[in-house]
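The listed protein sequences derive, respectively, from chains A and B. By numbering that gives the first Met the number 0, the letter at position 69 of the first sequence is numbered 68, and the numbering carries on one by one without gaps. By numbering that gives the first Met the number 0, the letter at position 29 of the second sequence is numbered 28, and the numbering carries on one by one without gaps.
Just so you know, the hints here were simulated from the structure itself, not pulled from any lab data. Just so you know, not all the hints are guaranteed correct.
Stated by the list, open to error - Each computed BS3-like pair below joins lysine-lysine, with the alpha-carbon atoms no more than 25 Å apart:
#1 Lys164/B x Lys366/B
#2 Lys216/A x Lys196/B
#3 Lys164/A x Lys164/B
Said to hold, decoys possible - A partial selection of chain A residues facing chain B, derived with a Cβ cut-off under 8 Å:
#4 Asp140
#5 Lys144
#6 Leu184
#7 Asp213
#8 Lys240
#9 Thr257
#10 Ala294
#11 Ala303
Stated by the list, open to error - Which stretches of chain B does chain A cover? Using the computed rule of at least three CB atoms under 8 Å from a CB of chain A, they are:
#12 20-28
#13 38-48
C-beta: ideal position from N, C-alpha, C; glycine also.
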Amino acid sequence: MLTSNALDQSQHQTKRLSLWQQLHIDMPLLLGILALMLLGLFVVYSAGGQDQALVIRQAVRLGISLVVMFIVAQITPSLFRKWAVPLFVIGILLLVSVLLFGHVGKGAQRWLDLGFFRFQPSEVMKLVVPIMIAWFLSRADLPSKTTDIILAFVLVLMPTLLIAKQPDLGTSLLIASSGIFVIFLAGASWRLIGVCTALASAFAPILWLFLMKDYQKQRVLTFLNPEQDPLGTGYHIIQSKIAIGSGGIYGKGWLQGTQSQLEFLPERHTDFIFAVFSEEFGLIGVTLLLLVYLAIVMRGLWIAVNAQTAFNKLLAGSITLTFFVYVFVNIGMVSGLLPVVGVPLPLVSYGGTSMVTLMAGFGMLMGISTRKRFIG
Amino acid sequence: MAKPKRVTIRDHSAEANLFARRTFITFIGVVIMLLILFSNVYQLEVKSYEKYQTRSNSNRIKLLPVAPNRGLIYDRNGVMLAENKPIYSLEVIPEQVEDIDATIAEVSDLLELSQEQQDKFFKNLKRKRRFKPIELKSRLSDQQVALFSVNQHKFPGVFVEARLKRYYPFADLTTHTLGYVARINRRDANLLEQEGKSENYAATRDIGKLGLEKYYEDILHGQIGWQEVEVNNQGRVLRTLDFTPPVPGKDLTLSLDIELQMIAKRALSGKRGAVVAMDARDGGILAMYSNPAYDGNLFVHGISSKNYRRLLNSKDLPLINRALQGYPPASTIKPFMALTGLEHEIITPETRIWDPGWYQIKGVEKKYRDWKKWGHEWVNLSRSLEQSCNIYYYDLAYKLGIDRISTMMEKFGFGDYTGIDLHEESRGVLPSAGWKRARYNQPWYAGETVSIGIGQSYWTVTPLQLAQATSILVNQGDVHIPHLLQATTTSVIQGLPESEAQQQNQQTASYVPGQTTVLKTETIHYEDKPPVELKQAKNWRHVLDAMHNTVQVVGATAHDAFKGSKYDAAGKTGSAQVASLGEDEKYEADKIQENKRDNAMFIAFAPYDKPEIIVAVAIENVAKGGGGTNAAPVARQMMDQYFGERNISAEQVAVLPFDSLNQTGQLADHSQLTPEQHAKLHQSPFNFALGGH
C-alpha cells in the first residue's frame, strides 16, 4: 500500500503543483471573492454617508477575514472529519450555556462573555453543523440509509432549535439549511424529502406560537402587508423598493442615489446595502452582481463534485449552497420577496460577525479544492 | 472469538455519480432562484420604473421625530424638584461657512475652545453632510451665550442652539429618591426595542436611570410627535407640511415635603445614615434621605470619569440609598417581639422577669449579656421597652422559638419588599429556619434564637421597612403601602393653536390673554395590603403604651431626646453591634475603629393618640451612646418641623446652595485605615457580626 507521502511524490512526478495550489488557494474562487469585496467597499462608502473611517474599518475587517480564510485553507479536511463529534458536542454545550448565562444584546441572547472577549457560538455552528452531518453520513456508503437520514435530521434540529430560542431566526435558518443540504446531497430519497417538507410546514405554527418573539411576528406581518404600517417597520420595505425601482436600467450613478444619500433608507450600509447598490447601479449592476454570485456558487459546486472523499464532497457542497442562501435571503428580503430576517449580503454588507465565518468556510472550500489530486 | 472485520468496498464511482446528480439538481435550483431574484428586480427596475421613479422624486417628505417634554416633579406643596432647563450649545452648518479653519480659530479666540473640542469638530466635519449642523461646543454658560450673540454677525453659519435638559434644583437633597436621567445608552436602547418602545424614543436623548425617574419613566416621558417636512433634492428642509405635536409627559406630585427633607439632611450632616418619615395615615413618604448623597445633575450631562471614580470609590458609599438598605434592627425590633409574645401568650403586660445582667440557656455555658452590666432587676413589658432590657427579650425569643417569630415578623413586612415605587429597594434578611436552610444549608440552632430577640444575628431591615412595620403597629394592623407618588397632572392649554400650546406647555406660569390652562390632576389610589390580625386586639395598645412610656417616662431611653416637645411622641431606640466582642471584652467606642462602632437606630411616631407621622432613623458607627442619644434627636428635629416648630422656611430652602462633592469631604476621614480595612468597609457598610454580648 502506498503512503500518502509516496503518493505525493508520484503526483509531483506526473504534474507539478502550481504555487497557488501549494498555498492552498483556489484562484477562481479568490478572484470572485475579491471582486465582491472591492465592490462592497465602494457601496459602503456611498451608503455610509461618504465616511472614510467606515470604509477603512471595513477594509481592515476584510483583510482579517482573508487571513482567516488562508489559515483555514491550510488545514487538511480530514482533520475536520476527525474532530467532527467533539466540535459538535462542544458547540451544543456552548449554545446551551448561551441560553443559560448568555449576554443579552439587541433583545436576543447570542453572546457568551468570556471576560476577555465575547463570543457567538451560533456563528461557529454554521461550520460545525455541516462538518458533523457530512461526517455522520459519509461513514457509510451513499445513498444513506433512511435511519441515518432521520438521525441526521435530529442532529440538525438540535442546534437549530437552540439558536431559534435565543432568538436568532436568521442564523437558525442558515444552520438548518446547511445541514439539510448535506442530507440532500447525500442522496436522501425523494419520498423522505416529501415527508420532511410536510413536517416542516407543520412546524411553522409551532414556530409562530412558541418560538417567535413579538418583534419577529411584527416583521412577518409587516412583510405581508407593508403599506399598512408605512411609518413603522413597513417603511423600511417601501423605501427599499422605491430605491431599487427608481434605479432603472442604468442606475442613478455612484454616490447619486437620492433614496440612500438623503437617508430615506434604513440600515443602508448593512442589511439593506443591496437597495443602495440597485439604486446607484441599476439593473445592469444587479445583473453583474448576480452573475458574480453565480460564478462563485458554480466554482464551489465544481470543487464539491471533484472532491475526493464523500466527506469532502458533502462539506464543500453544503458550504457553497449555504453561501447562496445568504444571497437569496438578503436580496429577497430587501426587494420585498421575503420578510426581514437580518441576514447580510455576503462579502458586500458592512461589518457583521458572519463575515469571518463565511471566509473560514471559503477557506475549507479551498483546502478541499487544492488537495483533491493527492490521493488516487 | 472476535468477529472477522467485514471489509466493505465502497463503490466510489456510484457515489460520485449520485453526488454529481444531486449537485446538478441543486445547481438548477440555484439558477431558478437567481432568476426569481432577477425577475423581481427586473419587475421593480424596468416594469415599475416609472412608478418608483415618481415616488422617488416625490419622496421629498420626511418625518422628523419631535421629542416630548418630560413631566416635571413637584413636592407635596408644589415646590419644583425636577425641571427642564434650556442648555445652550454652539453649532456650525459647514456649507454656510466660507473659511471653516479661520472661523473656528476666531470662535476659539472668543470662547476658548479646547484642542479636544476642535479635534472632535473636524472629525465630525468629515463624516457629516455639509448642510447638517455639527456641534462645536456644548453647555455654554450664560456669559458665553451673551458674548457670542453680540458677535453673531461675524460668524455666518455658526449659531447657538438651545435644548431642554433635566435639572434638579435641590441637587443631592433629592437624588436618592428622584434618581436622575442620563443619555440613552446601548443597553437602554436594546431594552426599549424589546419592549417595543423604540419608536416613541426616536427623538429622546435621556432616559430615567434611577429612582422615581426610572420607576415612572413611562409616565414622565410622554408621547413622541412628528414633524412632516419637505426636503429638496439635496435633503435640506424646505418647509413644514404637518405637525403632530408630542404629548408631554405627566407631571408628578410627590408626598415628599422638601422642607422636611432639608431637616433630615441637616440632622444627618457629617454622619452616614438614613431617615424615613412616613405619613401614618396613608403610607405617603414625607421624607427619605440618605447621607452622604451626591448631585444627580452631574449624571445628566454625563459625569466625568474623575468625579464618577470619586463617588464610586468613596468609603462613605454616597451612591447607595441607605433608606432602602438593610441594617441590623437591634432593639427597635423589641416592640414587635413583645407583640409576638403577647399574641402567643408567652407573656402578659404584667409578666416580670429578673434581670441579673446576663442570660443563660439551661445547661449551656454561654452567657448572653445585657447592655447594662448590673442588669435591670425586675422587668415587666413596659419597663423592658423603656430600658431596652435585653434579658427580657433573650428569654422571650427563646421561649417563642424561631418559627413563631419569623411567621409574625413576616406579617410586618420584614424580609420582603415594601412595594414602594422605587426599584432600588432591598428586602433585608428575615432569618428563619427555612431561610437558613436555603442560605447556608444548615439547621437552625435554638441558641441562635436568643440573639434574634434583640434584633441581632442575621437579621437586617431597611429603614423603610422599619417605618412600614411601625405604621402597621400604630394602625393596629392596617397595612398601607409606602409610596412617593401622590398625583399626576396633565396640563392642557386652551385657546391656542395646538402646536404653540405644546411649546407653551412647560411655561404655564406665564399668562397670555385669552388662554386658559386646564390642569387635570389624577390622584393615585393605593390599595392596602391585607391587615395583620391579632387574637386579642388590646395587645396593640399594650405595646403602643410601652413605646409611649419609652419617650415619656423620665429615665427611659428616648426621654431626653424629646424633653420639652409640644407634641406627644412614642418610640423605641436601638443600638446595633457591628463588630462582635470577646466575652470579656469591653465596648469602648473611642478605642475601636470607626467602622466597627455601633449603629444607632430609632423608630418613633406622633401624636401618640392619633398618629400622623412615623420616623425611622439609622445612623452608622456612632462615636458614643446609642439610638437614644444619636438617632432619637434626628427624629425629634423631623417631628418639630412637622408639628410646626419650624426651623427653616420655604424661602430658605429655595436659596440654599448645594454641592454634594464638597459635602462628601466633610465626612469621617478613613485615611488611617489599612487597605484591607478599606476593602472590607467598601464591600459592606452594613457589616455586622454574629454572637452574643
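Hint check results:
Distance check on the hinted pair: Lys164/B and Lys366/B sit about 61 Å apart at the alpha-carbon level, beyond 25 Å; violated. For a cut-off of 25 Å, the pair hint linking Lys216/A to Lys196/B stands: about 16 Å separates their Cα positions. Proposed proximity of Lys164/A and Lys164/B is contradicted: the alpha carbons are some 40 Å apart, above 25 Å. For the restraint placing Asp140/A at the interface with chain B, the shortest Cβ-Cβ distance is roughly 6 Å, inside the 8 Å limit, so the hint holds.
Taking 8 Å as the C-beta cut-off, the interface hint given for Lys144/A is violated, the closest approach to chain B being about 13 Å. Here the hint on Leu184/A is kept, as its CB sits about 5 Å from the closest CB of chain B, short of 8 Å. Look at Asp213/A: its Cβ gets to within about 7 Å of chain B, closer than 8 Å, so that hint holds up. With 8 Å as the threshold, the beta carbon of Lys240/A comes within range of chain B, its nearest partner Cβ sitting at about 6 Å, so the hint holds.
Interface hint status for Thr257/A: upheld, as the beta-carbon distance to the closest one in chain B is roughly 6 Å, under 8 Å. Residue-level restraint check for Ala294/A is violated (minimum Cβ-Cβ distance to chain B is 11 Å; threshold 8 Å). The restraint placing Ala303/A at the interface with chain B holds, with a minimum CB-CB distance near 6 Å, inside the 8 Å limit. Counting residues of the segment 20-28 of chain B whose C-beta lies closer than 8 Å to any C-beta of chain A gives 4; at least three are required, and the coverage claim holds.
Here's how the segment 38-48 of chain B fares: 8 of its residues keep a CB closer than 8 Å to some CB of chain A, so the rule of at least three is met and the hint holds.
Checked against the numbered hints above, the structure violates hints 1, 3, 5, 10; every other hint is satisfied.
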